[in-house]
Amino acid sequence: MTRDERNGVKRKQEDMDGGKCAVGKYGVAAVTNRTGNQPHLHQQKGYSNRGGGGVGAQKQTGGGKKNGAGEGEYQLVKNEMLTSMYNQYEVLEFLGKGTFGQVAKCWKKGTKEIVAIKILKKHPSYARQGQIEVSILQRLSKENAEEFNFVRAFECFQHKNHTCLVFEMLEQNLYDFLKQNKFTPLPLHHIRPVLQQVLTALCKLKQLGLIHADLKPENIMLVDPSNQPFRVKVIDFGSASLVTKAVTNTYLQSRYYRAPEIVLGLPFNEAIDMWSLGCVVAELFLGWPLYPGSSEFDQTTEEHESESGIKSKETRKYVFNCLDDIAQVNVPRDLEGIDLICGRIDRQEFVNILKKMLCMDQEHRLTPAEGLMHPFIQLTRFVDYTRSN
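Everything in the sequence shown is counted per UniProt numbering, starting at 1 for the first residue and increasing by one.
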């Protein structure tokens, strides 16, 4: 097993140990209907939520018609019908499960539409967060999911006392994409559209007063790589909350993408999502997590070492004295002339926006609107250079 493979296994185990499912890995088919308007999220009367968590789930291997259910999980059976007030869905395939439930690939009867249905656990401990997730999805369903790059949620309903959430089917998450490509770093011209689309999503979340609170490669989905390369959507609002309801000392965010204020138990706001996004785009550029701590102590290395006298284990592939050093990693060797100059400019602007996204002080951290106007996104320095030459 290579170092990259070991890192992938360790990363997944840490997410599960930390109570966070490795979300977003729910299948291979894209939804047939790709209209721009987001339908209102239907909710059955008498709704009583029992669960929560992310849209996707950790992919499971193995066959069999029946999924072995754990505590509070629904006993999923292949080809059974899940029936809402509006539609019938036939279970085609068990896709995986996470902390709060499981995901099934389903066919919406009477149509050609394939959807992902998340079936939440019937367990009181998940009830409150599940209610929050549904309320946030209802709010997002009033927005244009295609314009703002959110997964589309169609309806929620009860099936045998389990809450079911119906989502559009998406192709592949960014972590699986990196893994499939052996963690090969992405070029900046591929990172740019991903960053621009997620910034657009964060801009809308900020307008709505929402915090996603679990941005990571697993929760950014490629919609249809064959026909729409690097078209992405944000999924999994299972950890989301209103900014006004943010609670200090809450366990939030996956470790590699956890903002300093969360690690330190300080008051926080939607800026934690910008920190996570900075970590994600750095990982796309490096092919490796920027801050791969194996525990909370590894995320605050110097403080832990000074207090305990125990040296944290170094798990980073690259060790930088400062973020400026990233510009020297994976430099193309085959560029010359104007391509060389433009490549250097692009790297400079990428490092600049990354530093602003990863500002330690959340009050001075880049906002989504500022990010969308940054020269790395707008390519303004390229325009200035070509005009001057």
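Don't read these hints as lab results, they were simulated from the structure. Please note that the accuracy of each hint is not assured.
As the list claims (entries may be wrong) - No farther apart than 35 angstroms at their CA atoms in a straight line, the calculated lysine-lysine pairs in the DSBU-like style are these:
id: 1; residue 1: Lys204; residue 2: Lys355
id: 2; residue 1: Lys142; residue 2: Lys245
id: 3; residue 1: Lys245; residue 2: Lys78
id: 4; residue 1: Lys122; residue 2: Lys245
id: 5; residue 1: Lys109; residue 2: Lys142
id: 6; residue 1: Lys245; residue 2: Lys160
id: 7; residue 1: Lys355; residue 2: Lys109
id: 8; residue 1: Lys108; residue 2: Lys122
id: 9; residue 1: Lys142; residue 2: Lys182
id: 10; residue 1: Lys109; residue 2: Lys182
id: 11; residue 1: Lys108; residue 2: Lys206
id: 12; residue 1: Lys122; residue 2: Lys179
id: 13; residue 1: Lys122; residue 2: Lys109
id: 14; residue 1: Lys245; residue 2: Lys355
id: 15; residue 1: Lys206; residue 2: Lys78
id: 16; residue 1: Lys160; residue 2: Lys78
id: 17; residue 1: Lys182; residue 2: Lys245
id: 18; residue 1: Lys109; residue 2: Lys356
id: 19; residue 1: Lys206; residue 2: Lys245
id: 20; residue 1: Lys206; residue 2: Lys355
id: 21; residue 1: Lys182; residue 2: Lys204
id: 22; residue 1: Lys109; residue 2: Lys245
id: 23; residue 1: Lys245; residue 2: Lys112
id: 24; residue 1: Lys78; residue 2: Lys142
State the violated hints by number, sorted upward, taking the hints as numbered earlier in the document.
-> Hints 3, 7, 9, 10, 15, 17, 18, 22 and 23 contradicted; others consistent.
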